[in-house]
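Q: Work the whole structure out from these sequences, hints included.
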Amino acid sequence: MPELPEVETTLRGITPALLERTISEVRVRNASLRWPVTDEVQQACGQRVNSLQRRAKYLLITLGSGGLMIHLGMSGSLRICDEDDAPRKHDHVDIVLDNGRCLRFNDPRRFGLFCWWQAPADQHPLLRHLGPEPLQDGFSGAYLYQKSRGRRGPVKNFIMDGKIVVGVGNIYASESLFMAGINPARAAGRISAARYGALVAAIRDVLERAIAQGGTTLRDFAGSDGKPGYFAQELLVYGRDGAPCFQCGTAIRKKVIGQRSSFYCARCQV
DNA sequence: CGAGGGACCTGGTTGC
DNA sequence: TGCAACCAGGTCCCTC
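Per the numbering used here, the very first residue in the first sequence carries number 51; after that it's consecutive.
Hints were generated in silico from the structure; no laboratory data involved. The beta-carbon is built from N, C-alpha and C at its ideal position, and this holds for glycine as well. Misleading hints may appear alongside valid ones.
Derived pair list, reagent style DSS-like, types lysine-lysine, alpha-carbon separation capped at 27 Å [claimed, not checked]:
{"hint": "1", "residue 1": "Lys305", "residue 2": "Lys213"}
{"hint": "2", "residue 1": "Lys213", "residue 2": "Lys197"}
{"hint": "3", "residue 1": "Lys139", "residue 2": "Lys277"}
{"hint": "4", "residue 1": "Lys197", "residue 2": "Lys277"}
Simulated DEER-style distance windows between Cβ atoms [as the list claims (entries may be wrong)]:
{"hint": "5", "residue 1": "Asp270", "residue 2": "Gln173", "range": "30 to 36 Å"}
{"hint": "6", "residue 1": "Asn80", "residue 2": "Pro294", "range": "42 to 48 Å"}
{"hint": "7", "residue 1": "Gln103", "residue 2": "Arg160", "range": "23 to 29 Å"}
{"hint": "8", "residue 1": "Ala244", "residue 2": "Ser82", "range": "47 to 53 Å"}
{"hint": "9", "residue 1": "Gln103", "residue 2": "Tyr280", "range": "23 to 29 Å"}
{"hint": "10", "residue 1": "Gly308", "residue 2": "Tyr193", "range": "19 to 25 Å"}
{"hint": "11", "residue 1": "Gly308", "residue 2": "Arg77", "range": "19 to 25 Å"}
{"hint": "12", "residue 1": "Gln92", "residue 2": "Arg254", "range": "25 to 31 Å"}
{"hint": "13", "residue 1": "Asp135", "residue 2": "Ser115", "range": "25 to 31 Å"}
{"hint": "14", "residue 1": "Asp148", "residue 2": "Ala301", "range": "52 to 58 Å"}
A: Structure below.
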C-alpha cells in the first residue's frame, strides 16, 4: 500500500499526537508480523517521545534511549485513537500514551514490521545498506548514471532497488519513468547521464506533488486522520492500461517487469 | 556483485 | 449465488 508519500503523510499525521508524550504501555494483540514482534518493544514503556522521523519507508520513533521502528508493508496503516476504543480487525499493536490516547497499528496482510532499535538507528541491519533519500542531496543524475553502469536489468527494477535509492515504489516508478520518457524495460546500464538527470527531476517532482496531495489512495490507503490521499487523480500511467496517453493518445500498456505490473506509453517512452 | 524467483499474508475483484 | 483464480501500494532471502 504505502510508498514514500503515504509514509510521509502518516508521519506528519501522527507526530503531533506523540511528540513529548510518555509511552505508558505497548499492547501487542498479534505478534505474528513478517518478523515476530518481540518483548524488546516493552523497553519503550515509561520513555518519552523525543522525535519522529522517516528513513526510506520506515518510521522511527526516537525515545530517551533507543526507539521503535515501524514499517507499513503492503497493507499497514496507523491511526490515533483512544486507548479504550474497541479494536478493529487486524489492529495488531497499540502504543498507549500517558494521556489515554493511543497509536494503533493495523495491517491485514501482516507484511509490516514493528520492532525495537538501539541507537544509532542508521546502523540497524535493515537501514544500514539503504541508498540515499530521493528528496535529499546525494541523489542526482550523476549518481544514478554511475551506479547503473554495467547493469543489464530493467531501469524500473533499478530505481526500485532500495540500495540504489529508497522510497520509489511501484506506482511512482511507473509515473516518473513516463515523465522522463524512459521505457521501464530499458537496461539501466544503457541510459545516458542526461536522461538520468531528467529521471531524478521526475522522481522528485512526482514524490513532492504526491506528498502535497496526502498520498495516493487506490483502494484503501488513509492517512492517520482517516482521510484518503488525493494523488490518484493525477496519475498519468499507473492503472491506466488501455486508456489514451495524455501526451500522444496511444493506448497505455501494462506489462509485468520484475514480477510487478508496469504501465507505460510505448510511443512516448523509449 | 547482479539478476531472478519464491516467500511471507489477507481480502477485494473477476470470471466461470 | 458460489467458488476458484488472480491481483494488490513491499522487500527480504536464496540460488545461479
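Q: Starting from Lys213, check that the Cα of Lys197 is at most 27 Å away, please.
A: Status holds; Cα separation ~10 Å.
Q: Check the hint pairing Lys197 with Lys277 against an upper bound of 27 Å on the C-alpha distance.
A: violated (38 Å)
Q: Quick check on a hinted range of 23 to 29 Å for Gln103 and Tyr280, using CB atoms only.
A: Once the Cβ atoms are compared, 25 Å apart, the range 23 to 29 Å for Tyr280 and Gln103 holds.
Q: Look at the Cβ atoms of Asn80 and Pro294 and judge whether their distance stays inside 42 to 48 Å.
A: holds (45 Å)
Q: Holds or violated: are the alpha carbons of Lys305 and Lys213 at most 27 Å from each other?
A: holds (24 Å)
Q: Could you say whether the range 47 to 53 Å given as a hint is met by the Cβ separation of Ala244 and Ser82?
A: holds (48 Å)
Q: Per the hint of 30 to 36 Å, is the separation of the Cβ atoms of Asp270 and Gln173 within bounds?
A: holds (34 Å)
Q: Verify the CB-CB distance for Gly308 and Arg77 against the hinted window 19 to 25 Å.
A: violated (38 Å)
Q: Taking the beta carbons of Gly308 and Tyr193, is their distance inside 19 to 25 Å?
A: Cβ of Gly308 to Cβ of Tyr193: about 21 Å, so the range 19 to 25 Å holds.
Q: State, for the Cβ atoms of Asp148 and Ala301, whether the hinted interval 52 to 58 Å holds or is violated.
A: holds (57 Å)
Q: Is the gap between the beta carbons of Asp135 and Ser115 within 25 to 31 Å?
A: The hint (25 to 31 Å, Cβ to Cβ) holds, given that Asp135 and Ser115 are roughly 30 Å apart.
Q: Is the straight-line distance between the alpha-carbon of Lys139 and that of Lys277 27 Å or less?
A: holds (19 Å)
When each numbered hint is compared with the structure, violations occur for hints 4, 11 and 12.
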